[in-house]
Structure formats: C-alpha cells, structure tokens
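Visitor: Read off the chains here:
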Amino acid sequence: MPWRHGGGGGRYGRAKLAGLILIGLLPQPAGASSPANLERAVKASFLLKFAPFVEWPPAAFTAADRNFVICVTGEDPFGNILNDVVRGQRMKQRPVSVRRLGTAGSAAGCHILYAGRSAEAEYAPFPAAGSLPILTVSDKSTGPTGAMIAFLVQGGRVRFQIDDGAARASGLKISSKLLALAVTVNRK
Amino acid sequence: MTKWPRTESADRPGTGRIVAQMATPLSAVVIALLLLIAGLAFAFQLEQIGRTEKLRQITVQAQTLASGIAAPLAFDDDVALKEYLNALRADPQLVAAAVYDSAGAFVAGYARAPAKIPSRAEVADPHSLLSALIVTAPVMQGNTRLGTVYLHSTLDSLSRRLTRYLGIGVIVVVASVLIVMLAASYSSLREAHHKLQAESSSRRQAEEALRQSQKMEAMGQLTGGVAHDFNNLLMVAAGGLDLMDRTDDPAKIERLKAGIRQAVDRGSKLTRQLLAFSRRTPVNPEVVDLRERIHGLDALLERSLGESIEVAMHLPNDLWPVEVDASELEVAILNIALNARDAMPRGGVIVIEATNVPSRNERQDQVRIALTDTGTGIAPDLVAKIFEPFFTTKEVGQGTGLGLSQVYGFARASGGEVFVDSVIGTGTAITLALPRSLLVPQAKDGVAQAVAAFDRQRILLVEDDDSVADAVGGMLHELGFEIERAGNGEAALQRLERGADFDLVLSDMIMPGDVSGIDLVRRIKEDRPALSTMLMTGYSAAAASAAKEGVALLSKPFSLQDLAVQITAALKQGGAPRPD
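The listed protein sequences correspond, in order, to chains A and B. Residue 452 in my numbering sits at position 29 of the first sequence, with consecutive numbering throughout. Residue 743 in my numbering sits at position 514 of the second sequence, with consecutive numbering throughout.
Hints are supplied without guarantee of correctness; some may be wrong.
Said to hold, decoys possible - In silico DSBU-like pairs for lysine-lysine, Cα to Cα no more than 35 angstroms straight-line:
| id | chain 1 | residue 1 | chain 2 | residue 2 |
| --- | --- | --- | --- | --- |
| 1 | B | K498 | B | K785 |
| 2 | B | K283 | A | K600 |
| 3 | A | K611 | A | K563 |
| 4 | A | K596 | B | K498 |
| 5 | A | K600 | A | K611 |
| 6 | A | K515 | A | K563 |
| 7 | B | K444 | B | K623 |
| 8 | B | K311 | A | K611 |
| 9 | B | K614 | B | K777 |
| 10 | A | K563 | B | K311 |
| 11 | B | K801 | B | K498 |
| 12 | A | K600 | B | K345 |
| 13 | B | K498 | B | K481 |
| 14 | B | K486 | B | K785 |
| 15 | B | K345 | B | K311 |
| 16 | B | K311 | A | K600 |
| 17 | B | K481 | B | K444 |
| 18 | B | K311 | A | K515 |
| 19 | A | K515 | A | K600 |
| 20 | B | K754 | B | K498 |
| 21 | B | K311 | B | K498 |
Since the hints were made in silico from the structure, they are not lab data.
Sequences are here, hints too, so could you generate the full structure?
Guide: As structure tokens, then:
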C-alpha cells in the first residue's frame with residue numbers, strides 16, 4: 424500500500440499546492456516558477472489560512488467595516504499574489520480584503536498585519552503590545568522583530584514560529600492546532 | 230373412529246383433537262420454516278444494527294480525523310498528515326483513507342487493494358455499499374472549510390459474520406429438525422394406533438362371528454339331540470296309545486301304560502336337564518338324608534345302567550344332612566352314573582361312596598359323594614370341558630352334552646363343588662362336595678292321610694290351557710277337592726268378587742291377558758290375606774322370580790303325589806281353613 428503522497432519527501436503535494444497557486448499567477452509571466460516566487464505564494468496563502476485558527480475579540484469586528492482586512496506594511500513581497508489568494512474568499516463571515524499601508528500607515532482596522540522588510544531606520548510596523556487586536560506576521564530572517572507569527576524556511580519548506588504570549592496580550596486566541604504545527608512557540 | 234385416552238378426552242376433548250389435527254408433517258415443516266424465517270429476520274436485524282453502529286463509528290472516526298488534520302492540511306504539513314493517516318492504518322477494516330484540500334484536490338491517503346480512493350473529493354452523505362461503508366467529512370476550522378476527509382471501511386467479512394450467526398443458525402436448524410422428527414414420529418405413531426385399532430376391531434368382529442357360529446353349532450347339537458330323544462319318547466307314547474285302542478287285554482294295556490309312563494318320565498327328565506343351566510337356584514331346596522335318597526335310587530340306577538354294570542354303595546349311617554333340591558340331586562347322580570356307564574362299554578363297577586369331611590381353614594363342613602368307575606378315563610385336555618354345556622364326545626342323538634353340565638350347575642347352586650379325578654385307561658372319579666346342613670331332614674308325610682284331609686275343600690283353578698286344566702282338575706278331583714275353573718287372571722278376580730268361598734287359588738303363572746299368575750297372587754294377598762295361593766309353572770325363570778317373593782310354587786310336570794304334598798304345605802302355610 425504505497426503512499427500516494429509519494430516517498431520523495433512530499434514533493435507531489437507541495438508541487439500540487441504550488442501548482443494551484445501558480446494557476447492564479449499565470450498572468451505574471453516573469454519568474455513564475457522560481458523558488459522565490461513559490462515561497463511568496465505559500466506565504467500569501469498561509470497568511471489567509473492563519474485566520475481560521477485564530478480567535479479575535481468581538482471588538483475587532485466593528486459594524487463600520489464589514490471586511491476582514493489583511494494589511495501589508497513595509498515592502499510588499501506579494502504583489503498581486505495576495506490579492507489573488509483572497510479574491511472571493513470569506514473569513515469570519517466577511518469578505519476578505521487587502522490593504523497596503525505603506526511604511527507609515529496606521530494599522531487600525533486591520534485583522535492581520537504582515538510587515539515586510541524596510542530600509543528605514545525607524546521602521547516599527549507593529550503597534551504597541553496589547554493595544555490593538557491584530558495578528559502580526561513577518562519574516563523571521565528579513566522582517567522586523569516582534570511579530571506574533573514569524574515565517575521561516577526549514578528543510579526547503581515554509582514554517583513558522585509563534586509568540587503566543589504576545590498574541591494573548593493582544594486579546595487573540597491561537598488554536599492549539601496551529602501552535603502544534605509551529606516550529607517553536609513562545610508561551611510567555 | 231378415533232378414541233382418545235380417557236383422561237384427556239374427559240377434560241378437554243377439543244384441545245386434544247385440535248393439537249392432534251395440527252401435528253401433521255406439513256404443519257411441522259411450516260413451523261420449522263417459520264422458525265427459520267424468524268432466525269433469518271433476527272440475523273438481518275442484528276446485521277442492520279451492526280451496520281448502523283459501524284457507520285456511526287466510522288463517521289466519528291472521520292470527524293476526529295478531520296478535526297485533527299485541520300492545521301496540517303492548511304499548512305501543508307505532510308509529516309503530521311502521515312502520522313494521522315498511519316494511526317488509521319492500524320485498523321484493518323479501514324481499507325482506504327484520503328484527505329482532500331479545500332479545492333477538492335487529493336492531498337494524501339492510502340488504499341489497500343481492491344479498495345480505491347477517488348481522485349477528487351466527492352462530498353456525500355455517509356452511505357454503505359454491500360460490504361463497505363464510505364464516509365466523508367469536511368475539515369472545518371471555525372467556519373472555514375479547509376478540505377475533506379474520505380474513509381472507506383469494510384464491514385466484517387462474510388465468514389466472520391456467518392461465524393457470529395452460526396450459533397443462532399445451529400439452534401434454529403436443530404429445533405427445526407427436532408420439530409420435523411417429532412411430527413414424523415407422532416404421525417407414524419398415530420398411524421400405528423389407527424392400524425392397531427382397526428386390527429383389534431376386526432379381531433373383535435371375528436371373535437363375535439366365531440362365538441356366534443359356536444352358539445349356532447351348540448344349538449344344532451342341542452336341538453338335534455333333544456329332538457331325537459323326544460321323537461323316540463313320542464314314538465313310544467303314540468305307539469302305545471294306538472295299541473291300547475286295538476286291544477282289550479288288561480295285561481297288555483297295563484304293559485303299554487307302563488311304557489307310556491316311562492316315556493313321559495324320561496321326557497320330563499330331559500326338560501329338567503335343559504333348564505338346569507339357566508336355573509342356578511334350586512327351586513325346592515329341602516333338607517335331605519343322603520343315605521336314604523341314594524339308596525332310593527338303587528332300582529332306577531339298575532334299570533338305567535343295564536345288566537353289565539354293577540353298582541356298589543358305601544354310605545355310612547352317620548352322614549350329615551344336606552340342603553339341596555332332592556330331585557336335582559337324583560338327576561345329578563344319575564347323570565354321573567350314566568357317563569360312567571358310557572365310559573365302560575364292556576361293563577364294570579360303579580362305586581358310590583359318601584363321606585363326611587369336617588371343616589378345615591375357611592372351608593365349612595362338607596359331605597362328599599364320589600362316583601368311581603373303572604372305565605376309559607378322560608383325556609387331561611378334556612377334563613376342563615366336560616362340564617361345559619353342550620360339550621359331548623358322543624354322537625348326535627346319543628347325548629345332549631347337558632348331563633354333566635347339570636351336575637356342575639346343581640353343585641354350584643347348592644353352594645358346593647365338583648371334582649374330577651381321572652386316569653386314562655384306569656377310570657374316573659367324580660366327586661360332589663355339598664355343604665352340611667344343620668337342620669334335621671323331614672320324614673315323608675303319608676299321602677293317604679293328606680288325601681283324606683282334603684275332603685270337601687274348594688279350589689279355584691286358574692288355567693288357560695284346556696287340556697292342562699282337564700288333567701290338573703282331574704288330579705285335584707281325585708284328591709277329593711271341589712274344583713271351579715277360571716280361564717285367565719281377570720276371570721279369576723271377577724269370580725272372587727262374587728264370593729271368595731275357596732280354600733286355595735291354584736293358578737298358572739303365564740297366561741294371556743293383563744293379569745298374570747304372579748299379579749293375581751299379589752292382588753289376592755293384598756285383598757284377601759286369608760286365602761291361600763299357589764302357582765304352577767314349567768318355566769324356571771318365572772319360577773325363580775316367584776320363589777323370590779315367597780309364593781308357593783309347583784313345577785310342571787308334577788305327579789299326583791307331588792300335587793298332594795305341595796297343596797298340603799300351601800294350605801298349612803296359608804290362611805285358616807274355611808269355618809265349615
């Protein structure tokens with residue numbers, strides 16, 4: 424009874440996932456099959472998939488804004504990839520939208536905030552701990568520190584570590600299922 | 230016809246009959262089939278319950294899996310997915326499991342041949358195929374659908390399920406076989422029962438037919454013998470009368486008269502013997518001195534037995550008296566002697582011996598009269614038969630087969646017994662054992678005295694038969710009575726109404742009309758207790774019923790002497806004589 428998944432370290436599944444994402448990327452011809460693009464696509468998809476495993480406090484959803492908002496600050500590594508990922512998706516019974524804040528935009532109203540790298544010296548994309556119920560995400564290697572979830576690449580695969588303490592401080596509850604999948608978890 | 234055991238038929242014949250009618254092989258097969266169907270239904274029900282249970286179990290398993298793999302599926306964690314699916318592989322019944330992503334594309338899974346997993350997720354209600362259960366469950370996190378789980382489980386293999394139902398099956402089959410066997414054995418038993426009944430009823434019929442034919446044969450022997458004897462007697466009487474008409478020689482007339490009288494005596498003896506079996510109570514028991522009676526037979530025996538037979542009597546003086554019908558006793562002794570004579574065709578000696586046998590244990594005092602001959606003897610297998618009515622070894626006309634049966638009947642009726650002791654070629658001893666009587670025998674009254682006392686007494690003779698009335702009337706007149714005759718019971722009652730100036734009413738027992746002899750006697754006893762009555766009859770059954778009521782009875786035929794003695798007794802016993 425062979426694993427359909429294949430003995431070759433999950434290549435098939437990943438290729439398929441990548442393929443799915445790549446279908447969305449078809450209009451963007453240049454470097455579509457490069458490992459960097461693939462990594463970006465996976466991260467974009469993860470960004471949305473974190474949402475079901477996280478519980479926001481009721482205050483995070485106001486009547487005024489009917490969307491589930493994913494914000495990107497700093498350099499945007501995703502471009503249209505993220506837009507394609509969220510298109511037509513609903514999260515927490517709301518349509519998902521992407522807002523790009525630029526370098527100095529306010530994070531208020533965001534549910535997930537991805538902070539890309541920035542050359543600016545005073546780049547501090549994340550709001551003060553506990554001030555806003557926003558799930559903050561960044562890259563561990565290149566992005567700013569202090570994110571609740573930090574992407575990292577391990578064994579050629581995109582993984583993440585979680586600072587559960589920070590999330591709880593902001594009133595967010597991260598599912599233990601997600602925590603179990605994390606490379607490391609800071610529970611303070 | 231069917232007969233049921235008494236106990237059952239007495240209580241509830243209906244139930245037994247219904248049960249018996251139901252217990253046919255067909256109904257047994259039907260019951261066995263019903264049992265089989267019930268067993269199958271039970272197994273099917275169990276199967277359904279098991280299937281439902283299994284489906285629920287698999288559904289729960291799928292939901293658990295879906296919940297567990299939510300994060301690994303969302304974040305593409307192959308290792309964790311594999312761990313979850315590997316855990317499922319431990320269950321051999323889960324032949325296929327698969328995980329699909331939110332777009333319905335296959336992510337991971339396994340399948341054991343011959344099971345297959347669909348290439349794309351098809352969300353469907355849990356359903357079961359013939360021997361498989363297929364369950365799909367959505368992988369949900371919050372409200373977001375992340376993918377689908379597919380589980381394919383086999384049910385227990387057929388052989389395993391069959392093993393599970395083997396117990397029930399065996400019980401059902403054994404019970405069915407048992408029912409069929411019971412029914413078969415019951416029906417064969419019933420058949421045997423019917424056969425037996427038919428056989429026994431046909432045997433009964435055959436026995437009945439045999440008895441009937443034996444009776445007919447006996448009747449033939451009897452009528453043949455009696456008719457032969459009677460015809461001879463009638464020949465003697467008729468011939469004698471004819472000859473008397475043709476002669477005036479007084480000596481010859483006397484001889485002829487003696488011959489006729491002898492013939493008549495023999496005829497009356499014959500009818501006496503005939504009536505002996507039906508009558509078991511002596512009509513006239515009296516206390517008898519055996520020595521005197523048997524010595525009195527001396528002449529009769531010598532005349533009956535012929536010259537070649539010698540009779541020797543050993544009768545002690547101190548013999549106890551017995552209470553028997555004296556004439557029956559004489560006939561019995563004569564019958565035994567006649568049989569002894571026939572056993573000694575070349576002549577011989579008959580020894581008549583009487584002894585007192587004192588009481589011993591339960592037996593009372595007896596007097597035994599043994600007649601021993603030196604004849605041919607009786608074969609052992611015939612000894613038991615010689616007392617049976619109509620049994621005879623003699624040819625038709627030689628014997629009626631009634632002689633020794635009269636002996637037996639007399640002995641039993643007298644409260645005694647008969648013993649036979651016989652040795653082939655040496656001789657036979659027949660012994661009459663009669664109970665001792667403590668009364669003293671009466672001396673015979675002088676007839677002449679009695680006759681003298683009857684002078685001028687009146688008798689009403691009731692008799693329908695003119696010739697009998699003439700004969701009896703003549704005898705009564707000879708005894709010195711005045712006679713008046715009535716033709717039947719009614720006429721007699723009317724005559725008595727006009728004036729009852731009679732000393733005795735002597736009536737026939739069986740007469741035409743509404744008033745029979747016994748009725749007449751009863752009426753007279755009620756209305757005129759002072760008037761003496763006496764009945765005469767030749768029919769022993771009627772005589773027995775009259776004797777029971779204590780009515781004085783005269784058995785026909787009777788001699789002048791008998792008549793005189795009986796009337797004397799009746800007049801003494803009855804009411805006072807007329808005043809004049």
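Visitor: Does the structure keep K801/B and K498/B at a Cα separation of 35 angstroms or less?
Guide: 29 angstroms, holds
Visitor: Quick one, are K498/B and K481/B close enough, alpha carbons at most 35 angstroms?
Guide: Status holds; Cα separation ~26 angstroms.
Visitor: Assess, step by step, whether the Cα of K311/B is no farther than 35 angstroms from the Cα of K498/B, and give holds or violated.
Guide: 133 angstroms, violated
Visitor: Given the hint that K498/B pairs with K785/B, does the C-alpha gap stay at or below 35 angstroms?
Guide: 11 angstroms, holds
Visitor: Holds or violated: K611/A and K563/A, Cα atoms, limit 35 angstroms.
Guide: Roughly 18 angstroms separates the two Cα atoms, so the pair holds.
Visitor: Compare the distance between the alpha carbons of K600/A and K345/B with 35 angstroms, and conclude whether the hinted pair is satisfied.
Guide: 30 angstroms, holds
Visitor: For the pair supplied as a hint, K311/B and K611/A, is the alpha-carbon distance within the 35 angstroms limit?
Guide: 31 angstroms, holds
Visitor: Check whether the Cα positions of K444/B and K623/B lie no farther apart than 35 angstroms.
Guide: With Cα atoms ~18 angstroms apart, K444/B and K623/B stay inside 35 angstroms; holds.
Visitor: K596/A and K498/B were given as a pair; does the straight-line alpha-carbon distance stay at or below 35 angstroms?
Guide: 144 angstroms, violated
Visitor: Given the hint that K486/B pairs with K785/B, does the C-alpha gap stay at or below 35 angstroms?
Guide: At roughly 21 angstroms apart (the allowed maximum being 35 angstroms), K785/B and K486/B satisfy the hint.
Visitor: K311/B and K600/A: Cα distance at most 35 angstroms?
Guide: Status holds; Cα separation ~16 angstroms.
Visitor: K754/B and K498/B were given as a pair; does the straight-line alpha-carbon distance stay at or below 35 angstroms?
Guide: Holds, at about 33 angstroms.
Figure legend: structure checked against the earlier numbered hints; hints not met, in rising order: 4, 17, 21.
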